[in-house]
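Engineer: What follows is each chain in one-letter form.
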Amino acid sequence: MMNEKTTKQQKSTAVQTTGHAWDGDLQEFNNPLPRWWLWSFYATVVFALIYWLLYPSWPWRDSWLHGLKTVTFTVGKEKVTTDWNTRAVLIQELEEGRSATVQREFMEKIAKVDFGEIQKNPEMLAFARSVGKGLFGTNCAACHGRGGQGVVGLYPNLTDDDWLWGGSMEKIQETLTNGRNGFMPAFGETLNPQQLDDVATYVLTLSAEAPQSEASDRGRELFQGYGGGCYACHGKDGKGQQSLGSANLTDRIWTIANVPEKQTLEDKKAAVKQVIANGVQNRRVMPAWKDRMSPNEIKLMAVYLHQLGGGQ
Amino acid sequence: MRHENIEINAALMIVLILVVISIGGLVEIVPLFYINKTIEKVEGVRPYTALELRGRDIYIREGCYLCHSQMIRPFRDEWLRYGHYSLAAESRYDHPFQWGSKRTGPDLARVGGKYSSAWHVQHLNAPRSVVPESIMPNYSWLLQNDLYYKDVGDRMRALRVTGVPYSATQAEYEANVKTFGKDIADKLDIGAAEQNLLEQAKTGNYDGNPNKLTEMDALVAYLQVLGTMVDFNKYNAGYFAEFR
Numbered sequence: 020m021m022n023e024k025t026t027k028q029q030k031s032t033a034v035q036t037t038g039h040a041w042d043g044d045l046q047e048f049n050n051p052l053p054r055w056w057l058w059s060f061y062a063t064v065v066f067a068l069i070y071w072l073l074y075p076s077w078p079w080r081d082s083w084l085h086g087l088k089t090v091t092f093t094v095g096k097e098k099v100t101t102d103w104n105t106r107a108v109l110i111q112e113l114e115e116g117r118s119a120t121v122q123r124e125f126m127e128k129i130a131k132v133d134f135g136e137i138q139k140n141p142e143m144l145a146f147a148r149s150v151g152k153g154l155f156g157t158n159c160a161a162c163h164g165r166g167g168q169g170v171v172g173l174y175p176n177l178t179d180d181d182w183l184w185g186g187s188m189e190k191i192q193e194t195l196t197n198g199r200n201g202f203m204p205a206f207g208e209t210l211n212p213q214q215l216d217d218v219a220t221y222v223l224t225l226s227a228e229a230p231q232s233e234a235s236d237r238g239r240e241l242f243q244g245y246g247g248g249c250y251a252c253h254g255k256d257g258k259g260q261q262s263l264g265s266a267n268l269t270d271r272i273w274t275i276a277n278v279p280e281k282q283t284l285e286d287k288k289a290a291v292k293q294v295i296a297n298g299v300q301n302r303r304v305m306p307a308w309k310d311r312m313s314p315n316e317i318k319l320m321a322v323y324l325h326q327l328g329g330g331q
Numbered sequence: 223m224r225h226e227n228i229e230i231n232a233a234l235m236i237v238l239i240l241v242v243i244s245i246g247g248l249v250e251i252v253p254l255f256y257i258n259k260t261i262e263k264v265e266g267v268r269p270y271t272a273l274e275l276r277g278r279d280i281y282i283r284e285g286c287y288l289c290h291s292q293m294i295r296p297f298r299d300e301w302l303r304y305g306h307y308s309l310a311a312e313s314r315y316d317h318p319f320q321w322g323s324k325r326t327g328p329d330l331a332r333v334g335g336k337y338s339s340a341w342h343v344q345h346l347n348a349p350r351s352v353v354p355e356s357i358m359p360n361y362s363w364l365l366q367n368d369l370y371y372k373d374v375g376d377r378m379r380a381l382r383v384t385g386v387p388y389s390a391t392q393a394e395y396e397a398n399v400k401t402f403g404k405d406i407a408d409k410l411d412i413g414a415a416e417q418n419l420l421e422q423a424k425t426g427n428y429d430g431n432p433n434k435l436t437e438m439d440a441l442v443a444y445l446q447v448l449g450t451m452v453d454f455n456k457y458n459a460g461y462f463a464e465f466r
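As you go down the protein sequences, you meet chains A and B in turn. Each residue of the first sequence is one higher than the one before, counting from 20 in my numbering. Each residue of the second sequence is one higher than the one before, counting from 223 in my numbering.
Read the hints as simulated data drawn from the structure, not as lab findings. Predicted model, so just to flag it, every value in this text is computed and none were measured. Incorrect hints may appear among the rest.
[Stated by the list, open to error] Pair by pair, the computed Cβ-Cβ distance ranges are:
#1 Glu233/A to Lys434/B: 18 to 24 Å
#2 Met126/A to Gly385/B: 58 to 64 Å
#3 Thr260/B to Ser59/A: 33 to 39 Å
#4 Gly403/B to Gln293/A: 44 to 50 Å
#5 Thr425/B to Ser232/A: 44 to 50 Å
#6 Ser59/A to Glu355/B: 49 to 55 Å
#7 Asn140/A to Glu265/B: 42 to 48 Å
#8 Phe319/B to Phe202/A: 36 to 42 Å
#9 Lys98/A to Tyr457/B: 14 to 20 Å
[What the hints assert, rightly or not] Partner residues aside, some chain A positions facing chain B, computed with beta carbon under 7 Å:
#10 Asp81
#11 Val94
#12 Ala107
Backbone N, C-alpha and C define an ideal beta-carbon position, used for all residues, glycine too.
Can you make the complete structure from the sequences, with help from the hints?
Structural biologist: In structure tokens form, the structure reads like this:
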């Protein structure tokens, strides 16, 4: 039945078969490709052969056939033209590409002017914001957070009004270029537990976290006198010195002891005490960025960070 | 040979299929072994020290390569974000290389020196404590696990078989002194591997706890050396393009 039907169909379409039969009745039609298709196919083969020779692809002895020299870029003052390869194309793009050129023009403008002028020029300010955002994401966000919010105890918040090392654009530029090394000695051995408690209480009164008391008075003596010697860095008024990177203890912004998160006075005191006892060592290192960012990029970053919040 | 003979002989067909499909691979791979510019001529690339090598093994054990690549491609966006594109020379001592194929996290080819060791420790231990939007798992055991290092010599010996110049004999050591200088040659000496490992962990103090040698020490030591071996200031812009 099947057999008859297949044979009929074969006859009706009148297409040749390849000639072999499997399992008695399985045959293969022989439908030649259309001529136009076949010739297009041969044409692509020829195209590929020419393409191979024009572009680097074909290994030859201990090297390869380089093909046409199509990519031009500058090395020093010389123009160099090489065969097509992704590395050469990258150099060319960094040199002549549209966004690279536009960026370079802006960078050159920025290099010539001071911070005051950048701030006055809305176009430059917008450029600083957009380039700064990218640079911040690449270089700074890992520690300071994508929004610059920092991590209490580890990495400073860049959006608040507190600047340990100064919040002017010049100071920020200096911080970025050469890095900073925040340091506070440990007082765990100099002060006895009672004294630690007193100093912590006094520090909390500075930002109105604790009421004044006898303990805080004793703490003030220690803070402002030789007993604790805290004033040497933080100043008699506890406002800190930006030349030393010592924290302002009166501004209610906490960078190391996480006081705002604590509910009770005891917990707050414990947090402050911990910082006084152990100091701040080896964990407030801001790296120098002068080897990773160009002076112009650092300048832009200073503008970006300044406008992020709290710039002075 | 008639096609029918191939089609009715399964063993022959398998052999011939293997021959045909291997051609593509052979054409692409074999020339790289005799083209003299496959590996760029560049100074500074050295095999990993004993501690870095243990770190690399932990990197592989934890499957870091599944989410992190170590291959910066020569595109402008990657150039801006990660730095200079990776060179073949930079992974010449990597067996197997850690180029990876997927970036769920960022590329790590040049992460060395980018962050402080303290940051790495904090981040590996609890990524979201420094990067709130991160989806990286916590690797909290790295700080707790003591680093097993007794077999580091064997690990180096195995790599030596694949062609990494760790020295087992005096002659090999002297060859290393010639290639890398004495300081580095000393660190590639298999005989002194354990001692070197302990010393580097002590001076580097990668995990922030000098009293305990942990897996964190090794992993951070490895991360901190990634992509730092070549000083790209020494080479002009067109130099590496000559190799491609």
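Engineer: Please go over all the hints and tell whether each is borne out by the structure.
Structural biologist: Here's how the hints hold up against the structure:
1. Glu233/A to Lys434/B: 18 to 24 Å: 43 Å, violated
2. Met126/A to Gly385/B: 58 to 64 Å: 45 Å, violated
3. Thr260/B to Ser59/A: 33 to 39 Å: 36 Å, holds
4. Gly403/B to Gln293/A: 44 to 50 Å: The hint (44 to 50 Å, Cβ to Cβ) holds, given that glycine 403/B and glutamine 293/A are roughly 46 Å apart.
5. Thr425/B to Ser232/A: 44 to 50 Å: 48 Å, holds
6. Ser59/A to Glu355/B: 49 to 55 Å: 52 Å, holds
7. Asn140/A to Glu265/B: 42 to 48 Å: 44 Å, holds
8. Phe319/B to Phe202/A: 36 to 42 Å: 41 Å, holds
9. Lys98/A to Tyr457/B: 14 to 20 Å: 19 Å Cβ-Cβ, so the 14 to 20 Å window holds.
10. Asp81: Interface hint status for aspartate 81/A: holds (5 Å vs cutoff 7 Å).
11. Val94: 4 Å, holds
12. Ala107: At 4 Å from the nearest chain B Cβ, alanine 107/A passes the 7 Å test, so the hint holds.
Of the hints listed earlier, those the structure fails to meet are numbers 1 and 2, in rising order.
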